[in-house]
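Novice: Those sequence lines, one after another, are chains Z and G.
For the first sequence, counting from 1, position 196 maps to 375 in this note's numbering; every step adds exactly one.
For the second sequence, counting from 1, position 146 maps to 325 in this note's numbering; every step adds exactly one.
Where hints are given, some of them may not hold.
When chains are identical, the list treats them as one kind, so a pair holds in a single copy or across two.
Each computed BS3-like pair below joins lysine-lysine, with the alpha-carbon atoms no more than 27 Å apart [stated by the list, open to error]:
(1) Lys-493 with Lys-298
(2) Lys-313 with Lys-530
(3) Lys-283 with Lys-724
(4) Lys-298 with Lys-245
(5) Lys-298 with Lys-313
(6) Lys-417 with Lys-527
(7) Lys-298 with Lys-368
(8) Lys-480 with Lys-283
(9) Lys-530 with Lys-540
(10) Lys-540 with Lys-724
(11) Lys-483 with Lys-607
(12) Lys-724 with Lys-695
(13) Lys-313 with Lys-283
(14) Lys-698 with Lys-607
(15) Lys-368 with Lys-245
(16) Lys-721 with Lys-283
The hints are simulated quantities; they were obtained by calculation from the structure and are not laboratory data.
Protein chains: 2
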Amino acid sequence: MKKAQVSVGQYLLDRLRHFGVEHIFGLPGDYVIRFDKLIEEHAIRFINTTREDTAGYMADAYARVKGLGAACITYGVGLPIVNPTAQAYVQSSPVVIISGSAGKEEFLQHNSLHHLINKSSTIYRDTTQLEIFKQITVDQAVLDDPSTAAAAIDRVIDRCLYEKKPVYIEIPRDIVDQPIAIHEYLPLKPPTSDAKALKEALHEVGGLLAQAERPLLWIGHEVQNRDLAGTVLEFAEKFHIPFVSTLLGKTTIRETHPLFAGVYQGQISHPEVHKFVSASDCILSLGVMMTDVDTGFFTTKADKSQQVVATSTKVQVRHHEFPLVTFNDFIHGMASLKPAKAYSHHPKSIKLKPLLPQPGKTLTSAFLFDCLQHYIQPEHFVVTDVGDCLFGATDLILEQNSFIASAYFASLGSGVPAAIGAQIAVPKRKVIAIVGDGAFQMSALELSTAVRYQLDLVVILLNNHGFGTERPLIEGNFNNILDWNYTAIPQVLGNGFGFKTNTEEGFAHALEQSLKRPKGFSLIEADLDKLDFSPGLTRFFKALKEKI
Amino acid sequence: MKKAQVSVGQYLLDRLRHFGVEHIFGLPGDYVIRFDKLIEEHAIRFINTTREDTAGYMADAYARVKGLGAACITYGVGLPIVNPTAQAYVQSSPVVIISGSAGKEEFLQHNSLHHLINKSSTIYRDTTQLEIFKQITVDQAVLDDPSTAAAAIDRVIDRCLYEKKPVYIEIPRDIVDQPIAIHEYLPLKPPTSDAKALKEALHEVGGLLAQAERPLLWIGHEVQNRDLAGTVLEFAEKFHIPFVSTLLGKTTIRETHPLFAGVYQGQISHPEVHKFVSASDCILSLGVMMTDVDTGFFTTKADKSQQVVATSTKVQVRHHEFPLVTFNDFIHGMASLKPAKAYSHHPKSIKLKPLLPQPGKTLTSAFLFDCLQHYIQPEHFVVTDVGDCLFGATDLILEQNSFIASAYFASLGSGVPAAIGAQIAVPKRKVIAIVGDGAFQMSALELSTAVRYQLDLVVILLNNHGFGTERPLIEGNFNNILDWNYTAIPQVLGNGFGFKTNTEEGFAHALEQSLKRPKGFSLIEADLDKLDFSPGLTRFFKALKEKI
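With the rest of the complex left out, here is chain Z:
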């Protein structure tokens, strides 16, 4: 044991590695370069990105797949990572944001240092960036004291893992190499339930299920990020209860399961799904965040009389809450219940439509997603950006843990970097990124990182020539964008294959070719009409219209 000789920087890296982090995404800069060098010498691999926001999106996607992610930036000018951090906060993704900062000693001498903001500061440091990250992370630590740094590191990583939300760690550059004080790590003990309260809650769930004829599980992303998918599936199968998922929780359980009834988003849902959920007389919503997107603008069944609503912060049966019951205990308790009756309702079994691309027929978003469904294999992983790419992908039937999107924060431009982060997290699978043209223009050249690290993703670009999702809201020249020759991008990056097509047959061919290619990214530009909408987006507009 050479614990006493471990430096502050090394301790942080060791703890991240301990919790499964194998890659850190980021960019160098003089306040963080010493820490970057430590990463280079560590078992964790440093992934150089072209920008800080993209590093954040990658870490977010990585965290959603692997359970913990990390990004590393320099001070001040690393602030573009604020956006993906806010996304991770909102969508509950456990990301550790690490920022280098000016040395404690140098700041004491002169505080007018480059990259610093100094709107709020103490004599020891500029606190402005810390104040910003307080707004979008659940815990923060400035490692300016090697005697307390270990406890601070452990505390924030524990909270990150427990709350599944981002945390912020700042390291002054003159502290990185200082030996850290010996510290005994006492893992966070999550709260447990009051046994009687839990028994009461589960008894009531049993009662509801005994009364119900058509119970239904509505599964959200917290089931996935709290590792409860297996337990929930055990419950569903034991009771033979069908399930729907939220869009943010899509693929928490495999969608090829016979009990899977679709992605439910109130009035935005596919009519079959909406009908099926509407017919339910007992909805058990687990880990669902009731957002505008996931409730179809709050058009999901609102009557709680026959419902269970359990999340990481609340367990509620009908109209009453059980403050002493934890989400985790509740889910495990449900799985231990015994079925009192047999249910006979089933979702319609999914039949893959035969794929019949018409030669010369104009490509539509609807066909594109049908075609994609046809070619998708269990080893594929789908990442979408925001816009029609997301709405269209809602209806895809995918395997477990095979989908990521900024489905609530809705951050345009997150798709390509998220696909890269996911691909690095699941190197044995093939990631298919689906991105709109407006979003693609925000982060297209981050494909540089895919080339640098020899990733083989397939990028499907839905080019509807502008911000298609906004045209039906208010039309104006601001919804137009410059049409690029997107397929020339592989030429810029010196790698990759570009396809451009505006026909069904052309798209099917390009997709088939792209999925077959053993090396290098593929970019398929689907040239669509500017008012072409996927079925999912059409339903979205309809629901939006009814709301307004």
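Starting from the known structure of chain Z, fit chain G onto it as the hints suggest.
Specialist: Using the frame of chain Z, we list chain G on its own:
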């Protein structure tokens, strides 16, 4: 007068226009699209950018040239603008950041709306974004009440103009079209000096100047952004006192002036400049922020016994401050002083080196800047990114108000968007952008906006194959980046001309051709050795080494 019928959104636009804003940079989004439509219908022109951070850099550059800039984003996912806003705060650029937000009514009904963060919130709104912008702006207004909105708009714009720093305005989307309450605008009255204190201060300045043999003016960016350049020059010429500038204040006064002695940055300075300043026995520093960059890591003359230090927040003669004297009055007062003696020291007159590109000779950064100097004309405007492009450009001799860089906040990737913002602000001049490869990879495709709005900029890409400025600090694989075929970018954008060269002759030719082209942007990739440094950067490293 139809003032009562003006909406909240219109009033804001009218006020911006009144203060000289002719363009607003931004991206649409559902919370801001109604306001975007108002812009489209207004005399102000909306400039669609590809991203929010680039919109911010454009507005910042525009503000530095025109005296006020504005950018407009949607809520939450518009957070990438935080970085350029921090830059505008630190470097004192008057930018109005406008963010759409969720409607007041819709939020009251359900607060789980897309793009929102809700880490801090009231029943009326998510206040998280406001809290973030409080850290990087001098004033903020949430226009949620049409009866007070006019006063709030006037207050924040006044503060923006008075403090020369960014402000934040948030408009809920259901407020944009509401009629604003009638309001009488009472312009902010800036504080004036105490007459006796001013007299005393000026008397002391007169005394210092009477004693001095080699006085010198050290001119910072506050002289430019407070419109005092003419007054300072009047003083300099009347007294025949030479002047140096900071890097952030470069071209506040034309550098072709016979009294101009160079850009002064302590030990980073050109040896001639350093020698000239060191020989001075009385330095009058005006509007200088004493940052690490502008003081060459705090190596400028520190003895204040024969110095004057005047900024927007402090007027100091020798070791005592005059709290009742304003910067503005002090400068005007100085210009009204009468010279008591004649000084005989002069800066060396600048002789343009003859340009002799050697056929086949390997291109260096040093030659590149010499060559650029040779071709630069008074109508040219230089914008640099951060890195060797900035250090190299330090020595260029330029006309008044012809240079912009992130010279203190040092935000990599700001160059291309800043060049676009500047070009829109000075449509009759030609902007030359100088950018390193690492920076260029961050925002290269923002050239899309140059194509869309038919700007004719010339981009010089210093490709030293990675983060050259960091290699001498700590070398590692993280300093490398993927080499792109940069000259294929015009092909992606469907416009522009690409040149790639690694010889002196090739560069001179490409530059000549680019400057001649009447239409479309030009991109000149200067293929340099990865350890090639400009004279400015070499001096920087030397000063840094001496510091460490």
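Novice: Work down the list of hints and note, for each, if the structure agrees.
Specialist: Verification of the supplied hints:
Taking the shortest alpha-carbon separations for Lys-493 and Lys-298, only the inter-copy value of 17 Å comes in at or below 27 Å, while the best intra-copy value is 38 Å. In this assembly of identical chains, Lys-313 and Lys-530 lie within 27 Å of each other by CA distance neither inside one copy nor across copies; the values are 48 Å within and 54 Å between. In this assembly of identical chains, the alpha carbons of Lys-283 and Lys-724 lie at most 27 Å apart only when taken from different copies (19 Å versus 56 Å within one copy). For a Cα distance limit of 27 Å, the shortest separation of Lys-298 from Lys-245 across copies, 25 Å, qualifies, whereas the shortest one inside one copy, 37 Å, does not.
Taking the shortest alpha-carbon separations for Lys-298 and Lys-313, both the intra-copy value of 15 Å and the inter-copy value of 9 Å come in at or below 27 Å. Proximity of Lys-417 and Lys-527 under a CA criterion of 27 Å is satisfied intra-copy only: 19 Å inside one chain copy versus 90 Å between copies. In this assembly of identical chains, Lys-298 and Lys-368 lie within 27 Å of each other by CA distance solely across copies; the values are 24 Å between and 38 Å within a copy. Taking the closest pair of Cα atoms, Lys-480 and Lys-283 come within 27 Å of each other only across two copies (24 Å); inside a single copy the shortest separation is 55 Å, beyond that limit.
Proximity of Lys-530 and Lys-540 under a CA criterion of 27 Å is satisfied intra-copy only: 24 Å inside one chain copy versus 68 Å between copies. When the C-alpha separation of Lys-540 and Lys-724 is checked against a cutoff of 27 Å, the pair qualifies neither within a copy, at 31 Å, nor between copies, at 66 Å. Taking identical chains as interchangeable, the C-alpha atoms of Lys-483 and Lys-607 are never at most 27 Å apart, the minima being 43 Å within one chain and 65 Å between chains. Taking the closest pair of Cα atoms, Lys-724 and Lys-695 never come within 27 Å of each other, the shortest separation being 42 Å inside a single copy and 53 Å across copies.
In this assembly of identical chains, the alpha carbons of Lys-313 and Lys-283 lie at most 27 Å apart whether taken from the same copy (21 Å) or from different copies (25 Å). Taking identical chains as interchangeable, the C-alpha atoms of Lys-698 and Lys-607 lie at most 27 Å apart only when both belong to the same chain, with a minimum of 13 Å there against 48 Å between chains. For a Cα distance limit of 27 Å, the shortest separation of Lys-368 from Lys-245 inside one copy, 21 Å, qualifies, whereas the shortest one across copies, 58 Å, does not. For a Cα distance limit of 27 Å, the shortest separation of Lys-721 from Lys-283 across copies, 23 Å, qualifies, whereas the shortest one inside one copy, 57 Å, does not.
Violated hints, listed in ascending order, are 2, 10, 11, 12; each of the other numbered hints is respected by the structure.
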